[in-house]
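Asks: Sequence:
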Amino acid sequence: MVNVTGSRILGSGSALPERIVSNAELAAQIDTSDEWIVERTGIRQRYIAGESETTASLAIKAAQAALNDAGLTASDIGLIIVATATPDNTFPATATKVQNALGCNGGVAFDVAAVCSGFLYALTTADSLLTTGMAKRAMVIGAETFSRILDWEDRTTCVLFGDGAGAVVMEAADCVDPAHEGGPGILASRLHADGANHDLLYVDGGPSTTQTVGHLRMKGREVFRHAVVNLSSVLNEVIEDAGVSAQDIDWVVPHQANARILDATAKKLGIPPEKVVVTVDQHANTSAASVPLAFDVARRDGRIKPGDLVMFEAMGGGFTWGASLVRV
Numbered sequence: 003m004v005n006v007t008g009s010r011i012l013g014s015g016s017a018l019p020e021r022i023v024s025n026a027e028l029a030a031q032i033d034t035s036d037e038w039i040v041e042r043t044g045i046r047q048r049y050i051a052g053e054s055e056t057t058a059s060l061a062i063k064a065a066q067a068a069l070n071d072a073g074l075t076a077s078d079i080g081l082i083i084v085a086t087a088t089p090d091n092t093f094p095a096t097a098t099k100v101q102n103a104l105g106c107n108g109g110v111a112f113d114v115a116a117v118c119s120g121f122l123y124a125l126t127t128a129d130s131l132l133t134t135g136m137a138k139r140a141m142v143i144g145a146e147t148f149s150r151i152l153d154w155e156d157r158t159t160c161v162l163f164g165d166g167a168g169a170v171v172m173e174a175a176d177c178v179d180p181a182h183e184g185g186p187g188i189l190a191s192r193l194h195a196d197g198a199n200h201d202l203l204y205v206d207g208g209p210s211t212t213q214t215v216g217h218l219r220m221k222g223r224e225v226f227r228h229a230v231v232n233l234s235s236v237l238n239e240v241i242e243d244a245g246v247s248a249q250d251i252d253w254v255v256p257h258q259a260n261a262r263i264l265d266a267t268a269k270k271l272g273i274p275p276e277k278v279v280v281t282v283d284q285h286a287n288t289s290a291a292s293v294p295l296a297f298d299v300a301r302r303d304g305r306i307k308p309g310d311l312v313m314f315e316a317m318g319g320g321f322t323w324g325a326s327l328v329r330v
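Take the numbering used here: the final residue in the sequence shown is number 330, and no numbers are missing along the way.
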């Protein structure tokens with residue numbers, strides 16, 4: 003029995019915009035159809051932020067829900083990390099807006115930009131800072147308003163994305179090594195990036211290049227191929243690091259990009275589809291928000307229970323990708 007300093011998830015929360023946009027509504031505006039979208043992506047609807055809804059406002063709602071779930075108050079939080087590719091402003095960090103709204107100013111607050119892998123980058127960063135004593139508890143949020151960077155005349159991309167936020171509260175804990183004794187905590191994480199594939203998924207704007215926000219551009223077929231290979235590889239790395247088998251995993255909570263990617267990745271690992279949490283049909287691709295949003299949905303509907311072994315995984319523009327194995 004080895005005593006280690008680790009971190010664990012205490013609670014979760016999520017938030018979605020008020021407006022739901024169905025495939026049929028999109029089909030009335032662009033050259034597409036419900037059948038075309040469902041067959042290629044599995045998406046049936048998405049939530050789109052209204053004028054008064056922003057990445058920060060969604061993040062704040064998700065954070066408040068996570069605090070309530072954990073039975074904590076804002077004063078208990080010493081670290082806030084927001085993963086987003088669609089911040090309210092170029093600066094300051096959206097995390098500082100969340101911090102001020104919650105009323106826990108004075109601690110650490112910053113954003114992480116790793117697109118769809120952002121939540122995993124933020125989760126791993128928070129785990130590292132908690133285990134070194136930077137804070138006792140952290141709020142880790144994935145929040146996006148991707149509708150603000152979509153080209154609504156490009157039917158190959160605008161149908162894929164939605165807006166939303168998900169959050170988890172984490173706590174540093176001197177605990178029995180969870181990898182060997184079954185206690186709650188983050189067992190293993192791996193992160194990767196490959197800038198050589200920048201042009202396969204990117205936004206064609208930015209402050210230092212075009213002085214504009216720009217629009218999302220993607221070569222879907224190439225992204226799909228890289229996603230299946232990269233995710234299968236990193237999942238095997240994390241499984242090996244944690245000393246478990248794929249059969250030991252109770253749930254996989256993947257980035258909700260495309261139903262076909264979810265199916266192909268699970269098949270490569272030999273994980274049955276009924277162990278994969280799927281929300282892409284209802285939320286579409288919410289980028290950094292998709293993993294914590296899906297996690298919160300599955301916890302609240304009773305699928306994910308205390309003691310379950312849960313695998314998070316994601317890949318996004320950059321390319322960035324990663325996975326974390328957590329016992330909840």
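Heads up, some of the hints might be wrong.
Quick list of in silico lysine to any residue cross-link-like pairs, SDA-like style, CA-CA up to 25 Å [what the hints assert, rightly or not]:
#1 307 / 252
#2 63 / 29
#3 63 / 308
Think of the hints as simulated: they come from the structure by calculation, not from any bench.
Asks: Kindly indicate which numbered hints from before are broken by the structure, ordering the numbers from low to high.
Replies: 2
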